[in-house]
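Make the full structure from the sequences, and use the hints.
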Amino acid sequence: MAQPAERRERFLILLDQELTALSARNTVPGYRKRVEAALRSLISKEKLRLELESGSGPILSDIRAEVESLSMFLAEKGE
Amino acid sequence: MFLMKKAVFTNFRQLRDISIEFGQDIEKPLTIIRAENRTGKTTMLTALSWALFGDKALKNRSEYRMHPLDWNHESEGTSVDISVEIYFDIDQEFDGLKERESYRLKRLSTENIDPHDIDKFAVSTQSVNLQRITEKGFEDISNPNAVISKKFFPDSLREIFFTDGDRTLKFIDSEDSATRRKDRVRQAIKHLLQLEVLERLVKHLNEVNKEYERSLASGKVEDERDAKTVERYYELSKEVDELPQKITEAEQQLDTAQELFEDSEKDLSNAKLALGGDPADIQRNVLDWRDKKKSLERQIIDDYQSLSDSLKDYIPQIYADMCRVDIDNLSDYLDDLNNRGALPDVLPHIIQERLEKDLCICGTKISENRAIEEFLRAQLQTSMLPGESDALVQLRSSISDWQRQSRGELSFSKSVRHRLGNLAKSRSETASLDKDISEGNSKLDLVGDQSIDNLKQRLTQHRNLQQEASETLANLKAVYKLKTEELNRIKPEYTSITRKSHRHESQSRKNEVCEDLISIARGIISAMGVDTLEEVSNEMNRIFESINVQEGNTGSLIRRVFISSDYEIVVEGSTGKNLAPSTDISGAQKRALTLAFIFATVKVSGLDLPNFIDTPLGTQSGEVKRSMVEFTARNTRQCVLFLTASEIAGVEPALRQYTSRYYTLSHADHYPNELVNEPTVPTKSAFVCGCSIDESCIMCERKPLLGK
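Chains as they are written, first to last, in this note's numbering: chain A, 242 to 320; chain B, 411 to 1118.
Hints were generated in silico from the structure; no laboratory data involved.
Derived Cβ-Cβ restraints for the label pairs, each shown as a range:
| no. | chain 1 | residue 1 | chain 2 | residue 2 | range |
| --- | --- | --- | --- | --- | --- |
| 1 | B | Ser906 | A | Pro270 | 27 to 35 Å |
| 2 | A | Val269 | B | Glu437 | 54 to 62 Å |
| 3 | A | Pro270 | B | Asp633 | 36 to 44 Å |
| 4 | A | Pro299 | B | Arg1047 | 31 to 39 Å |
Not the full set, but computed from the structure, chain A residues with beta-carbon under 10 Å of chain B:
| no. | residue |
| --- | --- |
| 5 | Leu255 |
| 6 | Tyr272 |
| 7 | Arg290 |
| 8 | Leu301 |
| 9 | Ile304 |
| 10 | Val308 |
| 11 | Phe314 |
Glycine is no exception: its CB is placed at the ideal position from the N, C-alpha and C atoms.
Laid out in structure tokens, this is it:
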């Protein structure tokens, strides 16, 4: 039986696979790590908001902030 | 772990006042609620689901009448409070330590009945109250709906843990197209993924991405043709993004419409079954019987009137008839006297004359023979008085005359008897019609406020609704396909146009970052979907094998079952050829396969939640049912089974082995046709007793043929 812990482990493996694929597409150093951090942060915030049954407004601001930060990072790296 | 302890139902349809405690023994995880059809099994299942998930558990709250069918608004009021209260424990583990918390959940809804049309009602208030039970008392939990569905009992898995044995057959054996069957399986597995957080994130990322795209588009594109391409690209992109959600909603609407249609069909079929025919015919018959009865009653009154008139003319004869027996006896007596020669009585005159002359008829003197003289004097003393004999002769003559006369009136007597016979016959026919009308009305009462015409009308409405939903879904899918194709066609051109401009570099970068994030989240969802599909597929096959339903001819022997990558449940025959679940496998195999699919999804969910299954066994052979019961009991921590007597038959020992709580649910409407004793609850109410699968008591004892 797939326990939640096993499912979480599987999720982490898949996340790693997807990030590796991203690294192959975008080779800017540190981008992978920043994307992983942004995704984890956004997932925690989505989870919290889902539990509180809050609307989508605040999460969109969070997404914009993360996206802009990543975009700035790429700009700084000359991408 | 979620452990159900108790449920209290108040005014929820036929569950007016019912309380159930659930078995919690880990070795005996089953709670059995034995109930015949039309008793309230499905209602109880719905009520439990409603308590946990609210109106989401109902297909259409505004159409779902919760208050009791026999609610008397005049004596009980037009406002009805309906509630379901459940008590449960949650076992949680913190740092290796197990902790158990107890909760009470009460969901309440108030319906206001229209006093001018009692079939109409409006839902006025709804509330839900979740409390933690502590040593100090009850502690209110805020945001109860979210806590229940997100922490205790995931709303998305509702249909997997609350299942109807017949309904779940549609995963493998539905009359719909293969696409609809696959959609159902896909939805069930999608719910199982529990990836709502990631799905929401993708949705929100898409929204933000679109903002950036719009921002890009707002830049000036000088070439008119390019501007049109960009504009069209955004239009299409917006539509293609929105359509999947619309398609999902349309699928849900179609499912709801389909379930409503199936429910209507079931209601109509149950109504017909309960009535022993089409209620419309019975209604017509009742009306005919009423007309016939009225006509007979008129006939009876006419007959009485006519009889009364006849009697007035024949009163003397009636009196004659009244004393006929005595007169006939007297006549017989006089005839006897006459036959013996006592009438007319001539002997006393001769004896008198002989004694006076002292001369016997033999020539000797009477006085010389003392014995003869004494004998003759004694005879003279016992004979009739003078004139008495003459009077009797006259009386005999009169009686003979009267008898001759009165015999002539026998025709009158015959006529009266004939009329009385007709009256008795009419009376008997009226009584028989009364019985037919009463039985017909009782049958019609079974469908309560839902007259058959309403049921038929509802069926038609739901058929139309289903058709509309099906057309809408097909249209949306076709539109989605066309728009996606067009979008893909113009995408290279759009990319080329946007690359021409460096003015929007920053927006374009944000756009790319968004697409990176979306791509990762979608990749995880997709991979987990494939994993989960495989897990469910393998688990389903393992369960199906353990139930071991190999029956029928060799052609239907099954090698394995699996779910294809496009979500079709496939049955592979012993020869390696695929069998069609709807035609090539037996009913027992179908039910076992459905149960295997449900339990596989339950297992893969990894959640320790109670299962509630309505009519899971059907009417299969004892061996198959035994396997199903054993599998269910060994693979759940707590399971509530709603079983009919025919499902229980042949599998009693297995049920006894794994059951810790028994209830028998009966319905007052089943008296007197099915129940032996008259229930004490209102006629449209269900009631429970603690009888096990092979017991019966004064409350639940049923007639042998179970209403057949």
